[in-house]
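Residue numbers (our numbering), protein chains in the order written: chain X, 590 to 930; chain L, 590 to 930; chain U, 590 to 930; chain E, 590 to 930.
Keep in mind the hints are simulated off the structure, nothing from the lab. Only a predicted model underlies this, so the values are computations on that prediction, with no experimental measurement involved. Heads up, a few of these hints could be off.
Because identical chains share one entry, a pair is satisfied inside a single copy or across any pair of copies.
To be verified - Calculated pairs, DSBU-like style, for lysine-lysine (alpha carbon to alpha carbon, straight line, at most 35 Å): (1) Lys753 / Lys902; (2) Lys860 / Lys813; (3) Lys742 / Lys902; (4) Lys867 / Lys753.
Listed below are the residues making up each chain.
Number of protein chains: 4
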Amino acid sequence: MLSFENDYNVGAHPRILERLMQTNLEPQSGYGADRFCESAKARIREAFSCPNADIFFLTGGTQTNCVVIDALLHSYEGVVAAATGHIALHEAGAVEYTGHKVLELPAHDGKLDADELRAYLEAFYADENHDHMVFPGMVYLSYPTELGTLYSKAELTAISQLCKEYHMQLFVDGARLGYGLVSPASDLTPAEFAALCDVFYVGGTKVGALCGEAVVFPHGTMPKHFLTIVKQHSALMAKGRLLGVQFDALFEDRLYFEISRNAIRMAETLKAVFREKKCSIWRETPTNQQFLVLEDTEMKRLRENVAFSFWEKYDETHTVCRFVTSWATTQESINALRDLL
Amino acid sequence: MLSFENDYNVGAHPRILERLMQTNLEPQSGYGADRFCESAKARIREAFSCPNADIFFLTGGTQTNCVVIDALLHSYEGVVAAATGHIALHEAGAVEYTGHKVLELPAHDGKLDADELRAYLEAFYADENHDHMVFPGMVYLSYPTELGTLYSKAELTAISQLCKEYHMQLFVDGARLGYGLVSPASDLTPAEFAALCDVFYVGGTKVGALCGEAVVFPHGTMPKHFLTIVKQHSALMAKGRLLGVQFDALFEDRLYFEISRNAIRMAETLKAVFREKKCSIWRETPTNQQFLVLEDTEMKRLRENVAFSFWEKYDETHTVCRFVTSWATTQESINALRDLL
Amino acid sequence: MLSFENDYNVGAHPRILERLMQTNLEPQSGYGADRFCESAKARIREAFSCPNADIFFLTGGTQTNCVVIDALLHSYEGVVAAATGHIALHEAGAVEYTGHKVLELPAHDGKLDADELRAYLEAFYADENHDHMVFPGMVYLSYPTELGTLYSKAELTAISQLCKEYHMQLFVDGARLGYGLVSPASDLTPAEFAALCDVFYVGGTKVGALCGEAVVFPHGTMPKHFLTIVKQHSALMAKGRLLGVQFDALFEDRLYFEISRNAIRMAETLKAVFREKKCSIWRETPTNQQFLVLEDTEMKRLRENVAFSFWEKYDETHTVCRFVTSWATTQESINALRDLL
Amino acid sequence: MLSFENDYNVGAHPRILERLMQTNLEPQSGYGADRFCESAKARIREAFSCPNADIFFLTGGTQTNCVVIDALLHSYEGVVAAATGHIALHEAGAVEYTGHKVLELPAHDGKLDADELRAYLEAFYADENHDHMVFPGMVYLSYPTELGTLYSKAELTAISQLCKEYHMQLFVDGARLGYGLVSPASDLTPAEFAALCDVFYVGGTKVGALCGEAVVFPHGTMPKHFLTIVKQHSALMAKGRLLGVQFDALFEDRLYFEISRNAIRMAETLKAVFREKKCSIWRETPTNQQFLVLEDTEMKRLRENVAFSFWEKYDETHTVCRFVTSWATTQESINALRDLL
């Protein structure tokens with residue numbers, strides 16, 4: 590069975606497994622107080638040129654979003670997100686479960702628009718009843734977005750400045766951060782990216798790890814007692830070493846970015862196949878997610894041999910389907926898909 | 590550095606790492622819909638003789654406690670626990686964060702007493718104001734307890750019957766379940782144990798896994814939409830295979846119980862060393878946690894070469910310290926400790 | 590100072606104050622276990638022709654919305670509402686604070702559209718990822734809406750049937766219920782209205798009471814231990830008699846509907862004045878809220894003598910303003926406003 | 590029917606009803622932005638000699654406790670209370686519903702002991718695992734306590750200093766504050782009392798109001814956006830005037846303290862009757878709650894003519910019962926009770 594279902598459909602990059610083997614029986618303290626976590630943090634600080642960064646390792650994306658959002662917001666604040674943002678749509682209300690409203694703005698190719706954001710903020714504070722409304726305390730965006738698109742440096746800068754102006758925090762969901770930063774369409778270096786955020790996370794699960802996301806406060810502003818907050822959110826891993834070892838491996842010799850490049854190369858190849866096969870392309874993107882419109886019987890037929898994922902109904906008889914490449918995607922699998930199309 | 594700090598101070602049992610290697614590049618769907626999870630569930634159902642059990646894999650213990658407790662309780666219900674119960678003391682208020690009160694009863698060697706439980710329940714319902722109080726909706730206990738002790742079959746049966754009588758669910762925290770069931774002091778088979786519970790979890794993190802706990806509803810009563818509830822609690826692992834592969838390995842050929850036995854054997858050896866060295870024993874237990882009272886300067890000296898954990902202050906100049914064995918503890922490490930004592 | 594600011598800008602209908610005086614020193618039990626509450630419930634059951642209704646008195650609208658929504662939804666469910674719904678916009682995120690997402694659909698004159706609702710529900714269940722999304726467990730709508738409009742019997746019936754079809758509860762916010770049911774534009778009797786709802790509340794605060802809303806489960810489906818749930822939500826009034834006496838007075842001789850008619854008559858007069866004065870009308874409604882577009886300096890001038898409320902910015906130099914009548918509005922006040930326009 | 594059931598069994602002090610009548614039709618803005626609230630705040634500041642106090646009016650006691658505790662604590666903090674404290678026992682878990690643990694210490698006649706509090710705090714911070722525990726962020730106590738007892742000035746001062754030392758807030762539940770401060774057993778003036786608290790509330794519901802509690806931050810430290818926090822907790826009253834008018838009346842000419850004295854005088858008379866009748870006294874207190882042990886058949890017989898409240902089971906055949914006086918208790922009712930005993 591071929592699989593383009595998502596970027597978490599196989600295990601870990603071999604270097605990670607190797608490292609887990611090598612370090613397996615070395616005793617270390619729990620909860621992140623191990624030497625692997627320390628080393629991994631140092632490497633991430635270096636990779637993003639933020640020597641004063643506070644870093645904490647968590648297990649998964651939804652968990653990371655919820656812990657960060659709830660830890661940073663005041664109770665009366667919500668988080669602004671695009672209507673297609675992961676927290677708005679596909680986290681089963683996990684953010685609301687922490688008591689905070691997701692304040693949805695329209696998505697444009699998955700992205701927030703800085704002008705619309707400004708208009709919303711101006712209207713909010715001009716509204717004489719805003720004390721009865723949810724205050725915008727944070728802006729959440731994904732890089733790349735859930736639709737595989739990228740904010741330009743100018744776009745991210747504009748949003749970052751608005752956040753400063755309105756005393757909001759800018760939180761960037763980097764579940765697929767590697768795939769974004771190595772895309773030829775990106776005009777941001779890791780250092781520039783980090784400098785614009787108040788907090789972001791470096792996704793491991795979708796970029797070669799078994800699990801794990803690294804929360805980075807590039808300017809050293811991690812809230813006091815963050816470990817306890819993490820524990821309270823049921824998000825503190827006992828064997829924190831599992832996260833430390835993985836991120837240490839991922840950021841040794843910039844492996845993280847290296848393996849991300851494979852996903853982008855394979856995505857380019859995939860797009861070429863789609864064009865060659867005259868598939869009905871719904872959306873081509875500069876990162877590792879590509880979207881087709883498939884007629885429903887064709888979709889069923891194809892699914893017998895290929896795993897890919899449902900995105901949304903297109904019309905009565907067609908479905909938008911997502912094909913994803915990753916660090917692990919091979920040329921062979923794309924060739925095989927080509928034969929099936 | 591020797592370590593008796595806890596039972597999660599090293600990586601995973603080698604068979605688990607092997608299996609992760611073998612299955613690493615086989616694509617599988619996410620969120621637990623993979624063949625490893627299916628296989629692991631079948632093995633667990635067999636090991637506990639509960640063919641109709643519903644099973645769900647989660648990542649860590651506090652997370653499992655919170656998801657289960659919140660999923661099963663009505664909003665107006667709390668969970669009864671011993672004052673020394675993990676949820677009462679060492680989970681940073683994670684249960685309260687889900688909105689439920691932990692109703693603490695006195696602990697006797699870490700255990701709830703069925704007679705006190707009955708007295709509490711009778712008093713609750715006899716209280717004319719109980720509509721203004723938190724209803725007891727569940728009993729939580731740990732097997733083994735946080736102090737390494739075990740409920741006898743008679744004790745667990747008495748509590749289980751009380752739960753039925755008062756329409757409460759019995760939830761057993763099995764973070765160290767293997768170490769309990771294989772202890773010579775245990776008079777419960779896995780099947781008998783499972784039959785007495787409404788829900789329990791099989792701890793992986795402390796018994797050979799990198800992470801992971803298997804929630805078991807032995808009578809097939811997992812709540813509807815449990816996956817969504819898990820997601821809402823930020824507890825759904827994307828690469829569910831990581832949990833499936835591990836539990837599949839742990840329950841192949843009863844490896845789980847096999848490796849648990851090592852911890853018990855090593856604990857017996859450790860107790861013998863403590864006695865031989867005339868250490869001031871605070872508590873000897875039939876499982877894998879042993880407790881000493883150490884004079885504080887002695888404690889500091891010993892800590893230079895051995896990791897063990899703080900339990901509580903004994904008096905101004907002494908501290909209760911915990912020494913833990915696990916599936917990975919070696920005779921060599923105990924010998925080395927003996928030389929240091 | 591004239592006031593058309595809202596329908597809660599004065600105290601209570603004189604009959605309520607009278608009744609409070611008469612009953613003041615009669616001892617009664619607390620928390621709703623008093624004879625006034627019993628009598629009020631009987632009268633409300635009669636007024637809405639639902640003899641088996643369960644009824645509970647709460648203090649305010651937001652509180653009522655939160656208690657009802659949280660008590661009736663499963664944790665993984667959200668509540669569908671129009672984007673202009675009170676819970677979506679003007680309750681400071683109080684519903685999200687209880688852990689539930691408000692699932693916003695477009696508002697048409699403040700109303701949900703049944704066809705759009707059906708389309709949303711069909712898309713939700715057709716979405717292969719809906720287990721990762723918030724389930725629609727309830728539909729919330731306001732009668733009249735926040736914009737003063739009314740659902741027709743056909744519209745409410747269509748939504749009610751959709752709710753049954755999709756196993757959702759229909760909850761109607763009746764903060765201004767009296768003003769809706771007595772409007773000549775309403776084609777619903779109280780009995781027809783009640784029969785279509787799973788739960789609704791009869792607003793007291795905006796229709797003559799000092800405070801208080803009566804939650805009605807017309808089909809007798811109030812959740813078990815609702816009093817405890819109310820207490821847990823900090824919403825149980827110690828002197829429940831305060832609510833009982835007021836609703837008892839309001840539903841004696843159908844006073845509630847009687848005094849609601851005054852608001853509608855005065856609203857008609859107000860609309861006539863606006864038309865006569867060639868005001869820039871933003872929205873005329875069949876109930877007690879009317880909306881003008883005022884030029885900002887004109888708005889400021891008028892505010893020196895009249896209280897009315899900000900609705901939203903219309904453009905750079907104009908504001909939409911709301912003028913509200915109530916049971917207490919007098920012809921004299923409208924005449925005075927006319928002189929000022 | 591005689592009633593000594595509680596101190597909220599009748600309506601309001603006549604001066605309050607009068608004032609509600611007088612002000613009834615004067616239009617005022619909602620949500621506390623009315624002239625009555627302003628005036629009431631000024632009077633309360635004067636009564637407690639805290640000219641910089643921030644004051645906010647809420648509706649009921651449990652609500653006030655929850656709003657204050659949740660608004661002031663960090664998410665990882667809990668509130669320390671006596672095991673008999675109202676928030677620990679009789680609020681249906683409303684504080685836990687806000688996500689915070691109530692950290693229970695032993696009660697001595699309903700009171701916290703400063704030495705035990707210090708011992709708990711020292712042990713907490715000495716515990717090497719305290720990052721996995723709930724931090725004590727606030728001390729909650731009631732004045733008078735739920736058992737009618739009073740902290741002495743020395744006792745309250747000791748606790749207040751501990752709070753400062755350990756960076757905790759001191760919150761005093763003054764549901765019956767009047768009855769405490771006017772008790773001859775009290776050695777605290779209102780000014781001294783206020784100066785020792787970070788926040789307290791002046792109970793209205795139990796001291797002459799229909800409803801209402803005044804939250805006082807004597808040192809002007811009310812959190813930013815408190816109104817929005819109140820709204821988010823469903824606790825913002827639309828007709829805030831109802832609270833303003835009542836507290837304005839209660840603090841005009843120190844009526845609040847004046848009427849509190851009646852409760853104390855009547856309690857003294859009641860105690861004399863109990864002694865004269867050789868009742869089995871469980872607890873005599875210096876405030877308005879007195880407790881008897883009644884044989885169960887005697888209790889049933891007495892209940893035919895007198896309302897009083899269940900406190901707790903004493904033994905198989907006896908019950909502790911509470912008799913409460915209030916601002917409204919008359920000598921006649923006590924005479925009548927005497928005849929029945």
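Hint by hint, here is what the structure shows:
| no. | hint | verdict |
| --- | --- | --- |
| 1 | Lys753 / Lys902 | between (39 Å within a copy, 24 Å between copies) |
| 2 | Lys860 / Lys813 | neither (46 Å within a copy, 40 Å between copies) |
| 3 | Lys742 / Lys902 | both (33 Å within a copy, 32 Å between copies) |
| 4 | Lys867 / Lys753 | neither (46 Å within a copy, 45 Å between copies) |
Violated hints for the displayed structure, listed by number in ascending order: 2 and 4.
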